[in-house]
Amino acid sequence: MTSDADRFWQGVAKQLRRAKGFSVPTPEEAEAELDAAEEDPLTDEQIDAMVETATSGEVGSYTPMPDLSWLGDFSDETADEELLVLNRNRGEEDEEVDTLLEEQRQEVLGEHEQTEGDGPVADRPTSAGEGD
Amino acid sequence: MAQDASPETDDESLVLRMMDGEEDALRLFVEVHGPKIRGALRKKYRGVLADPEIDEAMNWAAYKAYRSIADFDETKSKLRSWFYVIAIHAAQDILRGENRNRHQALDFDPFERKEAGQQDGADGKANGSSKLTRELLTAIDQVLTPGERRVMLADLAADGEADPARLAAEMGSTVGSVLALRSKGRSKIRQYMTEHGHVQNPQRSRR
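Chains as they are written, first to last, in the working numbering: chain A, 489 to 620; chain B, 5 to 211.
Think of the hints as simulated: they come from the structure by calculation, not from any bench.
Where hints are given, some of them may not hold.
As the list claims (entries may be wrong) - Cβ-to-Cβ under 10 Å is the rule here; a few derived chain B residues that face chain A:
#, residue
1, 59
2, 60
3, 114
4, 115
5, 134
6, 168
As the list claims (entries may be wrong) - If you want a taste of the chain A side facing chain B, the calculated C-beta under 8 Å gives, among others:
#, residue
7, 500
8, 515
9, 518
10, 519
11, 521
12, 522
13, 527
14, 538
15, 543
16, 545
17, 589
18, 593
19, 598
Every residue gets a Cβ at the ideal spot worked out from N, C-alpha and C, and that includes glycine.
Make the full structure from the sequences, and use the hints.
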């Protein structure tokens, strides 16, 4: 079913496409766009791929991948340790886990350069609103 | 790498040699005109198509140009413009996720517009409409979330509706989420334009 919003969009898309420079250009517009564009040199591999596709009709298609660069140097080995700490049952004490937890607290505090302490780190509140 | 050739003087012989199926002429055609076409495509589709997709569009454009070189009409356009517009259509096919057109030679005039007879000068640059266009651009820039904006721009670049599966892969999301972003984006734009007096009262328009 087409909604009012869909109908409205279809009515204005052509103008928007034009304004955003996505319309198929006329020959004159195409020349102007090419004049205004910088050359993007092709590598030998790109040239070979174009010729190969043109003569054979075979081409591999690319599937976009999400940008996960924000993960940085994330390692699943680190995650394993953190999951071990996070997934213990309430009331279960484990000296090894407590040590790991303390190490991770210290590491995080070190990263944020929170050096001015007013008591044991473990005693500090950890709610989201802390520091507000 | 690209040979140092003058496209102005060589186009005619390039076309004739490509019509004869000379692969060397095809290679020279790609070397001479490819860099400008790729640069213009990257500029046009910045933020919409990834570099590997630009390469894919270039490959398909070379395929279609080579298979359809006999249809090139030097009285209508220069060779590089013809190639560029073929590449734009290839990019639109990728955005729409349309594979069915790729293994065909050109069965259309690349310069022929779908909206022939309704050139943008008639409605896009008239005084009232240019104000409308400005408001629409403001709505896209200021009202939409980044995700909604990405889907709407992909739709505009696709000259239709962009493939939701492709967008979902690109955004690390799901097809359902992409469809929801499209629906919300369109609703927000209409709402904004209604509030700014460009759309009739919704209650009246439903009658």
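Comparing the hints with the structure gives:
no.: 1; hint: 59; verdict: holds (6 Å)
no.: 2; hint: 60; verdict: holds (6 Å)
no.: 3; hint: 114; verdict: holds (7 Å)
no.: 4; hint: 115; verdict: holds (6 Å)
no.: 5; hint: 134; verdict: holds (9 Å)
no.: 6; hint: 168; verdict: violated (12 Å)
no.: 7; hint: 500; verdict: holds (6 Å)
no.: 8; hint: 515; verdict: holds (4 Å)
no.: 9; hint: 518; verdict: holds (4 Å)
no.: 10; hint: 519; verdict: holds (5 Å)
no.: 11; hint: 521; verdict: holds (5 Å)
no.: 12; hint: 522; verdict: holds (5 Å)
no.: 13; hint: 527; verdict: holds (4 Å)
no.: 14; hint: 538; verdict: holds (4 Å)
no.: 15; hint: 543; verdict: holds (6 Å)
no.: 16; hint: 545; verdict: holds (6 Å)
no.: 17; hint: 589; verdict: violated (31 Å)
no.: 18; hint: 593; verdict: violated (30 Å)
no.: 19; hint: 598; verdict: violated (31 Å)
The structure shown violates the earlier hints numbered 6, 17, 18 and 19.
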